[in-house]
Amino acid sequence: MESGKNFIVGIFDDESVLLSAVKKVRGSDVKIHECYTPYPVHGLDDELGYKRSRISIAAFMFGITGTCLAFLMMIYMMGIDWPMIIGGKDYVAIPSFVPVGFEVTVLLSALGMVGTFFVISNLKPYGKPRIYDIRSTDDKHVMAIDLAKNKKSTDELSSILKDSGAVEINEKKF
Amino acid sequence: MAEEQFQFTAKAKKRLSILAVVGVVLLILGIFSASSNSHHADEASHGEGTEQVAESHGEEAHAGEEHAAEEGHGYHWSKRIFANLWINNMYFVGLALLGVFFVAIQYVSQAGWSAALIRIPMSFGNWLPIGGILTLLIFWFGGHDIFHWTHEYLYDVNDPRYDAIIAGKEGYLNTPFFLVRMVIYFVVWFLMFRWIRKKSLEEDLNGSSKYYYKLRGISAGFIVFFAVTSSTSAWDWILSIDTHWFSTMFGWYVFASWWVTALAAITLITVILKEQGYLKIVNIGVLHDLGKFVFAFSIFWTYIWFSQFMLIYYSNIPEETVYFIERLSSDHYSIVFFVNLILNFFFPFLVFMPRDSKRHTVFLKIVTIIVLIGHWFDFYLMITPGVLKENGGFGLLEIGMAMIFGVAFLFVALTGLSKYPLVAKNHPMIKEAEHHHVF
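Protein sequences appear in the order of chains R and S. 146 is the number of the first residue of the first sequence in the numbering used here; add one for each residue after it. 26 is the number of the first residue of the second sequence in the numbering used here; add one for each residue after it.
Bound-form chain S, shown alone (with noise of 0.2 angstroms):
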């Protein structure tokens, strides 16, 4: 077998460029109008009236400002580019996150279907000492606007502020703690997603099973680590910014909506590489796999966003309900609070219900594509009303930052699976995933 390997061409990374001018352009507008808005809506509190802020800013999130003036909040609209830096930087530390976890489990659970595509979610790992250093820099320039628990003063019983809900939770949210968790949980990610690689290009050039065994203990290793770090993860970087409110679900329903999100990406970057002539070795049966797979998990996120849901509806306990009530009882909020859904559930279970539809490029593409978006949503919808409160919106600036985010992942991802070869070829089970085939 001739050695295949990715070439990061030129082409492909002028295009990523213009992407991420484009998206530079629209982050400057973004913020333009979102600044501008914001002494719009300082004016109107002073009794100018409301109509200059609707003309200034059509009906994206007016009222809400109009709001936040009148209490007199200190809102600013800077706040605006920390949530939306935390948002698009905590998908992409999952999606890389998520693709080591790939990698982890195909080798614990021996998979053979996946041998010829692992180096794809091999290559995400390559974000993640990136990402740890840009979730590091937002904290320590963002912190106070992203988390409310990180002002001194919650914690003072002299100060009028104190807060003793947030303060009996010292124990566990302190900064110090805080960061020292951060630098655990990227330094021992990214150290094992290195000796995974590391003993994965060994095995290329040398080609012995013992290094399939070796995976397959660093992997088990990763996993137990992943279980628990997965969760608390989820709840210093998410769920705090909620400070009061907690679920017992929400280590769980990040993961599973990196989880799919992550499974996504692998989907769709393996079509795209396909149809540009690469892994000829990936036969439609393994396609179709990812496509269950994507599919299975879109299922396993909505079951762990409506056992979330659920259970806080029905008991109906105020402290808990808050959450919802916060995204639907909101002009912004709740739109996309349905949209998640559409995108995330109805979308992906009905396109990809039908065998033929995991079958074929076009719709593993396209609903590959809305569940990457929906996820997106589905972040946001985690982090923006906690963080802006009703002054968020969704405009430019929304759509540039993701841009650009998402090409320098590209970017990082690509050129780590241009430096290796495409496909493992020494990896015992590559004769499996050749020869795989599904009903």
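Just chain R, same shape as in the assembly (with noise of 0.2 angstroms):
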């Protein structure tokens, strides 16, 4: 297998340990690379200083974009491929075409919005997730340490991981 990432996998049976496990490990300038848990743990972003998701700036640009195109559509249909007279109104109707401009806003917006989610979460066709320990799906709390981007050697960040309190300590290479 070719060489890609190594990282340190340090598993934890209870979210009260890695909640403190992860605090302790920060605070030893260690950059953790992800945690995953079988549900969410409250205030583990915060521990993990998250930033907030920006998912909502996208959400709105896929928004605008759904709303553009859906007018330019309507317009386009109404007004120059078919004119129609529809109940006396214009060609162009403005006001009948919000319930569809919406509409469309929304469709894109929420795609757009898993879509987005997909790319950044690996879940992409022909992408491989990375699964750093399967028991993370069921009962096991697992936190992820990348090697390269952490100047400590392998024998003290599991030093410090065992000291924090994982019950398991495994090395992964993707």
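Hints listed in this document are in silico derivations from the structure and should not be mistaken for laboratory results. Please note that a few of the clues may not be correct.
What the hints assert, rightly or not - Away from chain S, derived, C-beta distances all over 12 angstroms, residues of chain R: (1) G194; (2) K285; (3) K296.
To be verified - The calculated label-pair distances, taken between Cβ atoms and stated as ranges, are: (4) R:I202 with S:I309: 44 to 50 angstroms; (5) R:P240 with S:D356: 19 to 25 angstroms; (6) S:I360 with R:P270: 35 to 41 angstroms; (7) S:V213 with R:S198: 46 to 52 angstroms; (8) S:A321 with R:K317: 43 to 49 angstroms; (9) S:K317 with R:I239: 48 to 54 angstroms; (10) R:K196 with S:V212: 53 to 59 angstroms; (11) S:L54 with R:V251: 23 to 29 angstroms; (12) S:A321 with R:I239: 22 to 28 angstroms; (13) R:S198 with S:Q301: 32 to 38 angstroms; (14) R:V251 with S:F349: 24 to 30 angstroms.
Glycine included, C-beta positions come from ideal geometry on N, C-alpha and C.
Mind assembling these two chains? They're in different frames, but the hints should get you there.
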């Protein structure tokens, strides 16, 4: 296997141990790659120092694209391609385009958000999701540390993890 | 926790009084200009030429008055005063009523986040008896000016002015029944508000969860009564001005407008009190939620507004479209029509869309003030075209009257607020409000 990234993976039994471990590990100048938990752990984002997700910006961009596309489509169809008088209105009767415009806005912003989420989570087709430990989908909490992004050696990192309460420490290569 | 009590200081009272005096001066100036302009318009119709009108009044309202003078309809400037009294009265009665509704909703849904600020919307209800008396008085003296359907001759088959459509609505729209409904609304609203306030204050002294369950029961009753009367009162007091026209959305439309107004007022007062050092217990998460409420219900109002407009626009039935034609193809109202949409939809929608703007008091204050002004224009647009036709205007008279009403409302609400502790300290959800955290 081609040498990719090296990770050191700590396995935790309990969410409260994980929370205090995150604090300890970050306190000793170690960059944590990511934590994987079977269910959302309250306060973990804060401990990991995550900034707020910017997905809302993506949602806005997709939404505004949807609005523009919908109006362009209807203006082209009703005004240029096949003009029809409906109910005595103008060809381009903007108020009657609003409901469709709204729907397309919602559709594109929802699909766009899901798409964005898939891409940033590496869930794209033919993308290989990295599974650090399959038990993180069951009953274990997993903390992954990228060796390349830390100056400490594997042994040092292992002992930090062990001190902070990891029940098992593995190495993982992708 | 120390007992927190709002002090309605002499300084604050003085400031409000100055505002009220300014309002009175503006109102008198407005009345003077409206009445003198009205005389000029009469002269103009006798062939004096239109320059005089334009000179005395600027761009404001002269075309309409000329028009009225030509047609010879009995427009008198005093009608404009009654129209304004009615606009402000409806606006502030709604504010008072929806304040109580906010309290009721919080109890029924067992909301925790709002427990610390529940006394602020509760204080709005103090306006209800005054609003009720004003509604009765304005109807008594200005009923014929505001409501076309109150004229007896419309129902008399032998009279040339007989109106078959209005006569057909006589079963509901007749003065005795109208008055009975009005009294029932106000009495029940006020008594339920008193009951809620009484139990909430008893909870402060005795502190037992039985008050909480009692309040939940009363609130549920209030909401049931409100669900019906918020619609019927909107038909009675606002929809019936345009007697021939009707819209099944109208009750909801007025409710939406009242509700977002009340939410904006609650937010604004909470933010201002917090800045003055009160309400330490109210954290940024609660303000954020209030901001979300204003944001969400601005969109809700727009949704209702658009649903009403869209269906009428699309089906294109003359008896329905006349309502919007009166407003859109008029020199005065078409501007207000779009201003209404900009202030009440585009502005709060775009400013409150990012998360951070709902967590900064500056933005909260700006948006809520704009929304409060915007919904005044919403009521202006609902009432004025029906009452004054093309003679309506916007000037010092409107500004002065709104200021007087606003100051009076604040005086009553803040006096009420200063009479009991600012925070319901024995509210079972108070700890939840203290630790309220939103993302």
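Verification of the supplied hints:
1. The Cβ of R:G194 lies farther than 12 angstroms from every Cβ of chain S, with a closest approach of about 15 angstroms, so its non-interface assignment holds.
2. Separation of R:K285 from chain S is adequate, the least Cβ-Cβ distance of about 26 angstroms exceeding the 12 angstroms criterion.
3. Listed as outside the interface, R:K296 is consistent with that label: its C-beta sits roughly 34 angstroms from the nearest C-beta of chain S, beyond the 12 angstroms cut-off.
4. Separation of R:I202 from S:I309 is about 22 angstroms and departs from the stated range, judged on CB atoms against 44 to 50 angstroms.
5. A beta carbon spacing of about 22 angstroms between R:P240 and S:D356 agrees with the range 19 to 25 angstroms that was offered as a hint.
6. Under the hint 35 to 41 angstroms, the C-beta atoms of S:I360 and R:P270, about 54 angstroms apart, miss the expected range.
7. Take S:V213 and R:S198: their Cβ atoms lie about 48 angstroms apart, and the range 46 to 52 angstroms holds.
8. About 45 angstroms separates the C-beta atoms of S:A321 and R:K317, a value consistent with the hinted range of 43 to 49 angstroms.
9. The supplied range of 48 to 54 angstroms is broken by S:K317 and R:I239, whose beta-carbon atoms lie about 29 angstroms from each other.
10. The hinted window of 53 to 59 angstroms between R:K196 and S:V212 holds, with their beta carbons roughly 55 angstroms apart.
11. At about 50 angstroms, the beta-carbon gap between S:L54 and R:V251 misses the expected band of 23 to 29 angstroms.
12. Checking the proposed 22 to 28 angstroms range against S:A321 and R:I239 shows it holds: the Cβ atoms sit about 25 angstroms from each other.
13. Take R:S198 and S:Q301: their Cβ atoms lie about 35 angstroms apart, and the range 32 to 38 angstroms holds.
14. Between R:V251 and S:F349 the Cβ separation comes to about 27 angstroms, which falls inside the hinted range of 24 to 30 angstroms.
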